[in-house]
Amino acid sequence: MAIEHADVLRAAHLARLGLSDGDAAHYLDDLGRILEMVDQLQGLDTEGVAPLAHPLDATQRLRADEVTESNQRERFQRCAPAVEQGLYLVPRVVE
Amino acid sequence: MHDKTLSELAGAMANGEFSSRELTDHLLARIERLDGDLNSLITVTSDQARTAADAADAARSRGETGPLTGLPLAIKDLFCTEGVRTTAGSRMLGDFVAPYDATVVAKLKASGTVSLGKANMDEFAMGSSNENSHFGAVKNPWDQNAVPGGSSGGSAAAVAAGLVPAAMGTDTGGSIRQPAAFCGITGLKPTYGRVSRYGIIAYASSLDQAGPMARTAEDCALLLNAIAGHDPRDSTSVSRGVPNYTEELAAPLAGLKIGLPREYFGDGLDPAVEAATRDAIKVFESLGASVREVSLPHTHYAIPAYYVIAPAEASSNLSRYDGVRFGHRCEAPSDLIDLYKRSRAEGFGEEVKRRILIGTHTLSEGFFDAYYTKAQQVRRLIRQDFLDAFEEVDVLMGPTSPTPAFDLGANKDPVSMYLQDIYTIAVNLAGIPGISVPAGFVSGRPVGLQILGTHFAEARLLNVAHQFQQATDWHQRRPAIAEETR
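Chains as they are written, first to last, in our numbering: chain X, 1 to 95; chain G, 1 to 486.
Next comes chain X alone, as it looks inside the complex (with noise of 0.2 angstroms):
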């Protein structure tokens, strides 16, 4: 399967990643190139083989609901790049 110029563009998009019309030039050879590897997959017979998501073949555990942690916001928030009293500072989103 082939990708476009548009779909790298998509991509970055959705994945929030700034990305100009020549960097997306370039990341449009690579990528293809990627792609054209991965389409090797296409050739293999999976009819019926089911998806495997973990190598163990585990479920996720449970665990009773109590609290185990305390709250230690100012601690975490001490690596954030903009705080103000407890919380997160970013541009406006609402006017």
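Computed spacing ranges between beta-carbons, pair by pair:
#1 G:V415 <-> X:Q60: 32 to 38 angstroms
#2 G:E365 <-> X:L87: 30 to 36 angstroms
#3 X:G48 <-> G:L336: 43 to 49 angstroms
#4 G:E32 <-> X:V93: 45 to 51 angstroms
#5 G:E365 <-> X:A64: 36 to 42 angstroms
#6 G:A410 <-> X:G43: 27 to 33 angstroms
#7 G:F18 <-> X:D39: 54 to 60 angstroms
#8 G:R33 <-> X:H5: 46 to 52 angstroms
#9 X:H54 <-> G:A250: 33 to 39 angstroms
#10 X:V94 <-> G:N145: 55 to 61 angstroms
#11 G:A410 <-> X:Q40: 23 to 29 angstroms
#12 G:D95 <-> X:Q60: 31 to 37 angstroms
Treat the hints as calculated values from the structure; they're not laboratory data.
Given the structure is predicted, the values throughout are model-derived calculations rather than measurements.
Backbone N, C-alpha and C fix where the C-beta goes; we use that ideal spot for every residue, glycine too.
Fit chain G to the supplied structure of chain X, relying on the hints for placement.
Relative to the frame of chain X, chain G by itself:
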């Protein structure tokens, strides 16, 4: 001191030959003198190391010692370390100081080890040469024109150069085994779920696994004893007893059934690497093992399947870097979308962006089934190949990598770089353990022998590797930089 193994160092400290503090100071001085060129460590934690070494010496004087008390090591910069910068080799996390310890780090601290620093790596563990680090390429201690391998290239180079006796790495598609092979050391990727992933910066969550890198299989066993086991904080870690991995090291190999996957000795394998590998296998025959050819028929689909699954998981995992809660943030964003897009464009390097784009594309509407579902189906076939082979043989052997370490800058094309991982990548898709041990040299660069076992066969792999190291001396060879007497 710097050319000894962990177990030799532990013995010397028990005999009072030197203290952990003396050992630590010696290695820190070597790092200071030699690592400017090698670039194997991103952050050196001298002060914390001296404090930890003093604490280990104090514990020893009280008679409170364990097998790892006072032993120095380095930690790949993908493991969160409380109060210490943890970068994942990325500009995105260039100033990130982790507020907590990864479980592996906490366990190593509790066992009395002394971390000297955080090892260089390909950005977010994406790479096979360590050239993708924001903090610069790492040089191979055997030949500074060569790459050390990746993504745990700094960990491997630091051990090979005699800067630390051991290091922690992670392996998503070969990132412990291939750099171990390129640098002439021993590296173990445990079974998926054997070691907790909590606090390890995620790349591809269904493939990532942490493991030890050291000079011998025996040292890897000592370290695996300390880090293996269930962790309630990692729901994919396995609730299963942990054996004592050093106990079976001495078991004789008579009767061991070795399989050689036909597909691991085909086109693309450097003939000199093949010769070294076959010589190593003859050593096992002399130890009483039998050898037969087996087939892993879906081997050639492993790289294509991996380059759907790993980027898909990466694109999801890396969506957390939004410039808001932690990590790099662009200057003066005009709105929220601009904040996200520019922070991520500035923070991520080229290979990371490439994989985010591939993953986002293959997971997007209209492509999901053709790529992702298909790759997961192929993943089952690849795992089944291994399960079938382990019905016939105890372990599989082959080269870790098709070539010895290549030159810095030699693989500019991403696809040709990806193809380097042909013998290691299927192992992660199947979730089985694998170890690489030194097995010779080609043009002065080390060659690794890869030994694979079925799920949870780590004790067997370590035993087989250890017996090989009793019969050979490849693991005792040191590059000139490690033989310096100071």
